[in-house]
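Could you build all of it, start to finish, from the sequences and the hints given here?
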Amino acid sequence: MSIRKILLIAVIAVGFGAVNLIFFQVDLTEYVVVTQFGKPVRAVTDPGLNWKLPDPIQSIQRFDNRLTVFLPNKAEFLTKDKKNIVVESYPAWKITNPIEFLKTVKDVSGAQARLSDIVSSELGVAFGKYDLTSLVTTNKKNMKLKEMMDGITRNSNEKVKDYGILIVDVRLKVLSFPEKNKLSVFQRMRAEREKIARKYRSEGSEEASKIRAEADKEKTIILSKAYEKAQMLKGEGDAGAIRIYADAFQKDPEFYKFLRSLQAYEKFIDKNTTAILPTDSELLKYFASPKK
Amino acid sequence: MEEKKVLVESNNVSKKHKENLAVRDLFFEMMNRLDKVILGFVQKAKRLIGFFNSLSQKNDPDNSAVSDIRQAFSHLNLKLLGYASVGLIIFFYSLSGTYIVNPGEVAIVKLFGQVTNNNVGEGIHYRLPWPVSTADIVNISTIRREGIGIMLPEHKSIHSSPEIVQFLTGDMNIIDIQAVAQYRIKDAQAYLYNVSYPPYLLINETIRSVITEIGGNMKVDEILTIGKERLQSLIRSKTQKILDQYQHGLEIVGITLNKVYPPGDVAQAFRDVSDAKQDKEKTINDARGYQNTVIPQARGEANRLFRKAEAYKSDVMNRAGGEANRFESMLAEYKNGEKMYPENETRYRLYMETMEKVMGRVNKYMLDVKEGQKLNLKFFEN
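Those protein sequence lines, which keep their order, are chains A and B.
Heads up: the first sequence begins at 2 in the numbering used here, then just goes up one per residue.
Heads up: the second sequence begins at 35 in the numbering used here, then just goes up one per residue.
Hints listed in this document are in silico derivations from the structure and should not be mistaken for laboratory results.
There's no promise every hint is true.
What the simulated footprint calls covered on chain A by chain B, stretch by stretch (three residues with Cβ under 8 Å from a Cβ of chain B suffice, anywhere in the stretch; the number is not a length) [what the hints assert, rightly or not]: (1) 10–22; (2) 97–106; (3) 115–124; (4) 155–167; (5) 171–185; (6) 223–235.
DSS-like cross-link-like pairs, simulated, lysine-lysine; straight-line CA separation at most 27 Å [unchecked claim]: (7) A:K142 / B:K275; (8) B:K293 / A:K75; (9) A:K200 / B:K253.
Ideal Cβ positions, reconstructed from N, Cα and C, are used throughout, including at glycine.
As structure tokens, then:
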């Protein structure tokens, strides 16, 4: 093998090495910090191809610049109205300043430790300022949850600023009572439901008896009105009859009396009647003597 | 090649009988292998003996293996072979920039980590080989699902089993919820490069926080009855808003609330409320029924009374009229007779006729009395 060939191969090898030691790619999902003997000198935040002095003079550290979510552990807090609550929160955060990040928290797990401390202390402070009834309420105007969470995000950001971190938001995944308190909540729920059920049932019977009473009342009114009308009609009939009789009979009262008496005799004298007739009565006038 | 296939959702298809077949095959295979291994040992031992034998027969260049190999490849040009292999390596290396985008997928091409084309459609494409250029392929047409408080079968491999998801309503009731979110990727670039948290988990956390927020502002009765639809659309729009804030390029297609119900034994109390509601309706309906029978009955009765009275009126007046007529007719004739005959015997006739009828049915005693004589009768009843 000639000297030239060996030289060529050597140059190519060194070239490859240099490419790896000098040039580096920055992906759009990452920030790169260039360190010189371990000391950060500059940050590359734009994606593309970059160069640096070769290792070991300058080396690089890569940081993911994408948004990520950190799930701290469940925590219990006390609200302003002294209610025990269990909270699971999560901050969505990302690295904004890789140099600060590298200097202060070094890596993601370091950042998570700080975030956990900061967010939970902010949560504790915030819950101490708000009543549970203003976080969980049916009154829209009274709802302060968003206000509180925005405050927590703002305050936490104030504290993580120096770590080169931005908290996009802090959200509450769980806001509930501790397990040991849930039993009494369930009891209260049950009692409330029983009350409501009772209310429904008594409302039902109230309404029903109202309807029945109304019906009975109406029935009575209908019947009494009918009675009134009926009596009126009967009266009209009787009056008419009296008039008719009077009209007719006053034409010859004596004859009427005679006829009416005869009619009456016919009715009231029945077979149980005993008549004692003197022979000089008008009836037996001819019975005693046929004389004229 | 560094095509990341993000979100690999495996669906395992292991079936029992297939496993059985596999076990049987494996057994035969092992037996075969054992045979071969034994045979191989025997052959190797023979060869070793032969090798030692050949060593003892030295200075015979034609018989050595090395010279055999040399002889076999002597016709090849080593230089040419070297160039050819280098050429082949370069050829295949540059060919490695080929990639295929399937229907429904989109590829994003990066050059030195910088996006150069964020919307490569389906087909076969070329980019510069790694590490200069890379292509990330994402399926943007598939609708994916995520269960909240529910385990979806396709997630068994990537999720741990879900906890019961409960939330607090505005009136401090605890409610269990099970929901399924359908989502898809609407912006491949945002999806790939903006968030480094599994999308299904992000959606899960976000929806839970949204439920906490919205549920905490609604009454339990509202949620359990009419509010379900509203709750769904509220959760959807709010979740979308937050995902947009995260710039994750995800779109919530729909939220389905599978179960929204009070937990365990409290449910019975809730059921009793709806029973009570029905009881109320029933009691009221019964009363209405009573009303609807009583009043028509009363009206009927009223009508009957009225008609009866009318009948009475007619009856009385008609009778009166009849009697009056009869009287008037009789009177007319009577007067007529009186005029014509001085001694009107009509009156006498009428009298006698009546007496005839009346006296015909009574017990009669006749007393012979002289004219003007007075008589005293005393009756004793026993």
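Each hint, compared with the structure:
| no. | hint | result |
| --- | --- | --- |
| 1 | 10–22 | violated (count 0) |
| 2 | 97–106 | violated (count 0) |
| 3 | 115–124 | violated (count 0) |
| 4 | 155–167 | violated (count 0) |
| 5 | 171–185 | holds (count 8) |
| 6 | 223–235 | holds (count 11) |
| 7 | A:K142 / B:K275 | holds, 21 Å |
| 8 | B:K293 / A:K75 | holds, 25 Å |
| 9 | A:K200 / B:K253 | holds, 18 Å |
Of the numbered hints stated above, those contradicted by the structure are hints 1, 2, 3 and 4, listed in ascending order.
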